[in-house]
Structures are given as C-alpha cells and as structure tokens.
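Following the hints, put chain B in place on chain A, whose structure we already have.
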Amino acid sequence: KQEVTQIPAALSVPEGENLVLNCSFTDSAIYNLQWFRQDPGKGLTSLLLIQSSQREQTSGRLNASLDKSSGRSTLYIAASQPGDSATYLCAVMDGGATNKLIFGTGTLLAVQP
Amino acid sequence: DVKVTQSSRYLVKRTGEKVFLECVQDMDHENMFWYRQDPGLGLRLIYFSYDVKMKEKGDIPEGYSVSREKKERFSLILESASTNQTSMYLCAHGTSGNTIYFGEGSWLTVV
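Chains as they are written, first to last, in my numbering: chain A, 491 to 603; chain B, 37 to 147.
Just chain B, with the same shape it has in the complex:
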C-alpha cells in the first residue's frame, strides 16, 4: 500500500508561532505537493517540489515556505502563523503524469 505520512493530525498554535508540517513518503516519487482545503474554496496548491532542493510556488504561497532536503520528506513552514491559516493541510506525492497520492491531512487551528 502507498503510504503518505503527515507528522501531525491535529495542531493548535498561537498567532505568531512558527509551525512545521512534515510529510514523508515511501514510494521514491520525485513530485511532492502541499495543498490546503477550506470549505467553499476547495483544494488550493500552496507549493510543490519536483526534486530535492527544488520548489515552485503554487497558487497561494504567501505566508508559507517549504523545504525538501531529502527525496522522501517535504516540509511546509508557516513562519508566523496567523488565524487565516487555520485550515486542513494535505500533502501529496506522485511521479510525472501518474496517480497522485494524498496523506490523511493535518488540521491546524491558529488562535
């Protein structure tokens, strides 16, 4: 079975805190993605990476950064969390032109 592990399922953070969300895949896939999902807005792409140390902005990168030091691990960083970043965050991975696999999601609440 394909496994995508997101480090935390539920987090509560304070405004201004630095937040790390980590994603690990065991399929040796080159492409990894971070999405956020909000009611009425659907899934929106934050950042993606097509290789180690490579990253590209998605549709809503503001307020986020990412890190990919190893092929299997893709981290999403909120430098200074704000309440409008309260959301469900979904990591995904895949190879070019093939099935994209998603993790279970991380629910982040910023208070």
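Excised from the complex, chain A in its bound form:
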C-alpha cells in the first residue's frame, strides 16, 4: 500500500530564505506527483505537477524535483515571502487506472517578516 510522508511537519523561516520541503513515497510505481498549497480553511491550490518520466518542474520561485527510483520529491522555494505561509501537500497518483491521489500529511510553513 502506497504511503506518502512529508518532513518536516512544520517549518519556520525568516523572509528571504531559500527552503526545501521533502516528500517521500514507498512505492515507486507512480503515474505522477503533484504539489499543492492550502491556506487555512481553504481548498487546495495546485502548484506543480511532475509526470513520472520527468525529473523536475519549475513555476516562478518554485521548483519541484522527482527521483522515482528513490521514492523522493522536493519542493524548493526561492526567496521566501510571508505570503508563502501555508500548508504544502504532496500527493502521488498511483500507476493504476483510477487516478486516485494519495496525500502526505503536509508541511506547515511560516515565513516570518
């Protein structure tokens, strides 16, 4: 059974710092991996999608990498801002036909001004 883990569970950094969020999964037979952002009391906003054949994706100050063989993904946030404060979730889509996402429990990020 696929399990997704995110470390750390919480992170506090000063504004301007570059940071890395980690996601690991137990079964490498994934279809893709998606990173989401969730603000308190709100739904999920998709940040980046990495297909299983890709190594990384970039969007603005965000860069996500995928190492399927080792079961790991990282989300790199450059020059962090207070507006980046949120919970970040990674989710893997299993290799079957169901397109189900299996989520990690998230990293709560606080960027201090």
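The set of hints was computed from the structure by calculation and includes no laboratory data. Ideal Cβ positions, reconstructed from N, Cα and C, are used throughout, including at glycine. Do not take every clue at face value.
[What the hints assert, rightly or not] Derived DEER-like restraints, expressed as beta-carbon distance ranges:
| id | chain 1 | residue 1 | chain 2 | residue 2 | range |
| --- | --- | --- | --- | --- | --- |
| 1 | B | Arg109 | A | Asn508 | 38 to 44 Å |
| 2 | B | Glu58 | A | Gly531 | 17 to 23 Å |
| 3 | B | Arg80 | A | Ser549 | 23 to 29 Å |
| 4 | B | Gly52 | A | Pro498 | 27 to 33 Å |
| 5 | B | Thr51 | A | Pro504 | 24 to 30 Å |
| 6 | B | Glu92 | A | Glu505 | 41 to 47 Å |
| 7 | A | Ala500 | B | Arg80 | 19 to 25 Å |
| 8 | B | Lys106 | A | Pro572 | 19 to 25 Å |
[To be verified] For lysine-lysine, the following DSS-like pairs were computed, each having C-alpha atoms within a straight-line distance of at most 25 Å:
| id | chain 1 | residue 1 | chain 2 | residue 2 |
| --- | --- | --- | --- | --- |
| 9 | A | Lys532 | A | Lys491 |
| 10 | B | Lys39 | A | Lys532 |
| 11 | B | Lys54 | B | Lys93 |
| 12 | A | Lys491 | B | Lys93 |
| 13 | A | Lys491 | B | Lys91 |
| 14 | A | Lys532 | B | Lys49 |
| 15 | B | Lys39 | B | Lys89 |
| 16 | B | Lys106 | B | Lys39 |
[What the hints assert, rightly or not] In silico negatives: residues of chain A with every beta carbon more than 12 Å from chain B:
| id | residue |
| --- | --- |
| 17 | Arg551 |
| 18 | Gly596 |
| 19 | Val601 |
Same frame as chain A, now just chain B:
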C-alpha cells in the same frame, strides 16, 4: 481559470438528517472526486467517478453515497448524518494522468 464550485461553504446539520453536498466543474473533465480532511488524518478519498453514472468507492465510503447524473456535477450524500461526519469536504476533478483541481471546500458540522 479553472473553476470548481462547491454548493455550500458552511453547513450545520442535525444528527440523522440527510445532507447533500454538490460540486460543479466547468472543464468537461471525466474524473471527479470527494475527499474529507480531518486534523491528523489528512485527506482521505470517499468516492470517485470516472464517467457519468459511474462511481467507485474510495478508502472511507461507509455512511456516504454519490450521484453523477451529468458530467459536470458530482454530489455527495450523507443518508443519515452522524457527528463523526463533522469534517471539511473537498471536491476535485481532472483528466487521466493530469492535474487534479480542488474546490474551496465545504465545512460540515453535525450536531
């Protein structure tokens, strides 16, 4: 912009009531999902649908049912609400192997 509309943001229902949560998407996506999110348990899949009138159970289907009569609309039904169904409910949709989009969520409190 992708739009996923969940019919109610905040609901308070009594134990035993029948509850309908509705989700509408405007992207013509075949796959739609209902998740619930609880502190410490993360997001858990309740039901999903890959086509009109098609549905499959997720990880926690007990106490729920769904309906998908039209491609753009996916409803979650709590036949007889119980207090342990107090949660945030999230609808999502997407096409096979591509980005999954989520709605704003519906906060349900059962008293």
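If you check each hint against the structure, which ones fail?
Violated hints (numbers, rising): 4, 5, 8, 9 and 18; every other hint is consistent with the structure.
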